[in-house]
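Respectively, the protein sequence lines represent chains R and P.
Okay, so the first sequence: first residue is 1 according to full-length UniProt numbering, each after it adds one.
Okay, so the second sequence: first residue is 1 according to full-length UniProt numbering, each after it adds one.
One or more hints might be untrue.
[To be verified] In silico DSSO-like links for lysine-lysine, alpha-carbon gap of 30 Å or less:
#1 LYS49/R <-> LYS85/P
#2 LYS24/R <-> LYS85/P
#3 LYS207/P <-> LYS24/R
#4 LYS342/P <-> LYS173/R
#5 LYS173/R <-> LYS341/P
#6 LYS25/P <-> LYS24/R
#7 LYS304/R <-> LYS124/P
#8 LYS290/R <-> LYS341/P
#9 LYS342/P <-> LYS304/R
#10 LYS132/R <-> LYS289/P
#11 LYS80/P <-> LYS49/R
#12 LYS49/R <-> LYS83/P
#13 LYS85/P <-> LYS132/R
#14 LYS271/R <-> LYS341/P
#15 LYS124/P <-> LYS173/R
#16 LYS85/P <-> LYS173/R
#17 LYS341/P <-> LYS44/R
#18 LYS24/R <-> LYS80/P
#19 LYS49/R <-> LYS123/P
#20 LYS342/P <-> LYS271/R
#21 LYS58/P <-> LYS290/R
#22 LYS123/P <-> LYS173/R
Since the hints were derived computationally from the structure, they do not count as laboratory data.
Remember, it's a predicted structure, so these values are computed and weren't measured experimentally.
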Amino acid sequence: MSISYDTRPSNYQICSLLGECTTKIGAVYSARHLSSNTVVALKKYNLEKITREDTALIQEEIILMRQLCHPNVLPCLTAFVSGHTIVAVTPLMGYGSCHDIMMRHFSAGLPEPAIACILRAVITALGYLHSKAIIHRAVRASHILISTDGNVVLTGLRYSCRLLSEGGRWLRKVHMFPPSTLPNLNWLSPELLQQNLEGYSEKCDVYSFGVMGCELANGIVPFWDTPTTFMLTEKMRGASPQLIDCTTFVHSANQGYITEDDYMRAVSERKFSENFHSLCETCMEREAVKRPRPHQLLSHPFLKGAPHSSALPSLLLPAIPIVDSGVLEVQGTFYYY
Amino acid sequence: MFFHRVNSNEIIYQARRKKCKMIGKYVMGDLLGEGSYGKVKELLDSETLCRRAAKILKKRKLRRIPNGEQNVQREIQLLKLLKHKNVIELVDVLYNNEKEKMYIVMEYCVGGLQDMLDSTPSKKFPLWQAHGYFCQLIDGLGYLHSNGIVHKDIKPGNLLLTLDGTLKISDLGVAEALDIFAPDDTCFTSQGSPAFQPPEIANGLEKFAGFKIDIWSSGVTLFNLTTGKYPFEGDNIYRLFECIGRCQMTIPEDLDDSLRNLLAGMLHKEPEARFNLQQIRHHPWFIRKPARTTDGVCVPPLRGDHLHSMTVLPYLLEFHYGDHNSSSTQFITERQLNEEKKIAEQEACANNKGSSSSGTHNHKRSWKRPTSCLSVKNLPSCRPS
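Construct the entire structure; sequences and hints are all you get.
Here it is, written out as structure tokens:
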């Protein structure tokens, strides 16, 4: 692609609202770039409504996105300030985030082949970030976007940090507890949460990757229904979340926390492969040193056997991507993205 | 009457149960230290899971300290306005009217420079480490001064470190915010630590330039960090002030010339001739970072814990699992059973075939049993999201 996206606000014609960013400080629109007649996504932040800290985070995120170049990391095509809004232009990701897909079509989790395909792309992206001394710190389904042709990209770099000292030396560990990490707590690794002098390394992303594996499979993130402090003690004891299928589902009449019967039936009848179970388990080792590195995980049988990303659209049916109209008819109801 | 004799070694004391206590949304942890006005305890924010520290002040005790309540209120007022990497951040202030207690919640620090100095035999830091702290001190001080605040109590004991080694200027209890319409930084009072006071205060001057007090005490601090000694000493406060008032000091010969020059500039008897922050920032010693040749001094362990782990955790464990630690409430799933069976079979297999076929698969997975969610108690202020 050699289209150059300019910074003239008038050259982007907004088509429709796609949704809000995770922290609800910005809105995402689909828009047409008039001079090239291509469709892009615009992330808009109203400077008057966001705090100074948020502004700094958004600025850092855009700068970082402009520096990175990897097929599985969402690029920032250009960014500009128009009136009171910051606008970041990114490619349009037709399927939206994995979280969106699950919310709309797969409340009990995605099919296993689709998960394998998504996870392989994400671990490739993490390997790339780690090689640039970047820790992502917010690997979760809502930060995984899928394009119309099935390409999977990682976003959410707002929460990332560098594994470098101020003098540019490569650090073994960092210690800072991310101040804005509240929405990501359930995905974070025990060594990041424990906040002691041991610190944490890029391996904390591998743990979050495992938690996200469970999230994609179960349709909901582990610990979503428990008190935050209980999530902490569970992780500190080394009790790792699990994929829920017929081998791990606990039949208990008074286990009232999942009330949807359809969900119960779906999870108690299915069975995930042994490879999938083992992948999640090895990623969520309590000790960071025992967790494999991203490039080692690529040769894990579960990810090795993953289908090609071109197969993803068919695996994600009945979910269908938006192309440019922004309004879709699904089973008789209109969904406004 | 018969007394059964028991050797004191035989007595088993029952471990005190770690009863979980909440202050607002914060879970209470162990004692971190004792400040000048009361205890400092660790807290955990139960919503963000961020570690915090709280100064716990008792109103009754405060009333007995001269200007106690006033100083505390002033510190809160000041901290609320400030936000800088090298100045301690005030997070929250909570009151318990029944117990007449006040909790000043601040960001968590692992320790102070004074504790670190005390933990080494030489009572000093390697040059590169002292340089790093000094630069951060000057940055923080620059911020305070630009906001019209004179700290008045700069000393190693008031310089704290976060987990990542960022220095935080703390304890603004005796600090003074200059009036925004004041023509200059003239101050009339000082309640700082004697050993760090400049000659103009030791000599009892009625008024003095505020910012230069902080420069002086930063100079004494730098002297202390790099040499392990104090520039001025005295058996009692009168002797000490006499010594400071005459400004008689010797800077050790073994320090390099640029550091000696910087110390002399910061510890100049005349406030007008004393370096200002600008001069310090442009000083050759400040600009040139010493090589990192030796290991740095670490934060000393807290009650034997070198990692300074969360002290709130035992309380939370007691709260969430308590008496449920017995195996009766655990569930065993089919997968766990299969897994255990498989491991058993493999072991049996390996034993039969001898050591040659120890298996290509690594099945030494430890099964972590999920706890039943029923035994989970909710913290009162936890949102079940």
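Outcome of the hint check:
{"no.": "1", "hint": "LYS49/R <-> LYS85/P", "in the structure": "holds (24 Å)"}
{"no.": "2", "hint": "LYS24/R <-> LYS85/P", "in the structure": "holds (27 Å)"}
{"no.": "3", "hint": "LYS207/P <-> LYS24/R", "in the structure": "violated (53 Å)"}
{"no.": "4", "hint": "LYS342/P <-> LYS173/R", "in the structure": "violated (38 Å)"}
{"no.": "5", "hint": "LYS173/R <-> LYS341/P", "in the structure": "violated (39 Å)"}
{"no.": "6", "hint": "LYS25/P <-> LYS24/R", "in the structure": "holds (24 Å)"}
{"no.": "7", "hint": "LYS304/R <-> LYS124/P", "in the structure": "violated (55 Å)"}
{"no.": "8", "hint": "LYS290/R <-> LYS341/P", "in the structure": "holds (24 Å)"}
{"no.": "9", "hint": "LYS342/P <-> LYS304/R", "in the structure": "holds (24 Å)"}
{"no.": "10", "hint": "LYS132/R <-> LYS289/P", "in the structure": "holds (26 Å)"}
{"no.": "11", "hint": "LYS80/P <-> LYS49/R", "in the structure": "holds (22 Å)"}
{"no.": "12", "hint": "LYS49/R <-> LYS83/P", "in the structure": "holds (20 Å)"}
{"no.": "13", "hint": "LYS85/P <-> LYS132/R", "in the structure": "holds (26 Å)"}
{"no.": "14", "hint": "LYS271/R <-> LYS341/P", "in the structure": "holds (19 Å)"}
{"no.": "15", "hint": "LYS124/P <-> LYS173/R", "in the structure": "holds (26 Å)"}
{"no.": "16", "hint": "LYS85/P <-> LYS173/R", "in the structure": "holds (20 Å)"}
{"no.": "17", "hint": "LYS341/P <-> LYS44/R", "in the structure": "violated (55 Å)"}
{"no.": "18", "hint": "LYS24/R <-> LYS80/P", "in the structure": "holds (27 Å)"}
{"no.": "19", "hint": "LYS49/R <-> LYS123/P", "in the structure": "violated (50 Å)"}
{"no.": "20", "hint": "LYS342/P <-> LYS271/R", "in the structure": "holds (18 Å)"}
{"no.": "21", "hint": "LYS58/P <-> LYS290/R", "in the structure": "violated (47 Å)"}
{"no.": "22", "hint": "LYS123/P <-> LYS173/R", "in the structure": "holds (27 Å)"}
Hints 3, 4, 5, 7, 17, 19, 21, counting from the list given before, are not met by this structure.
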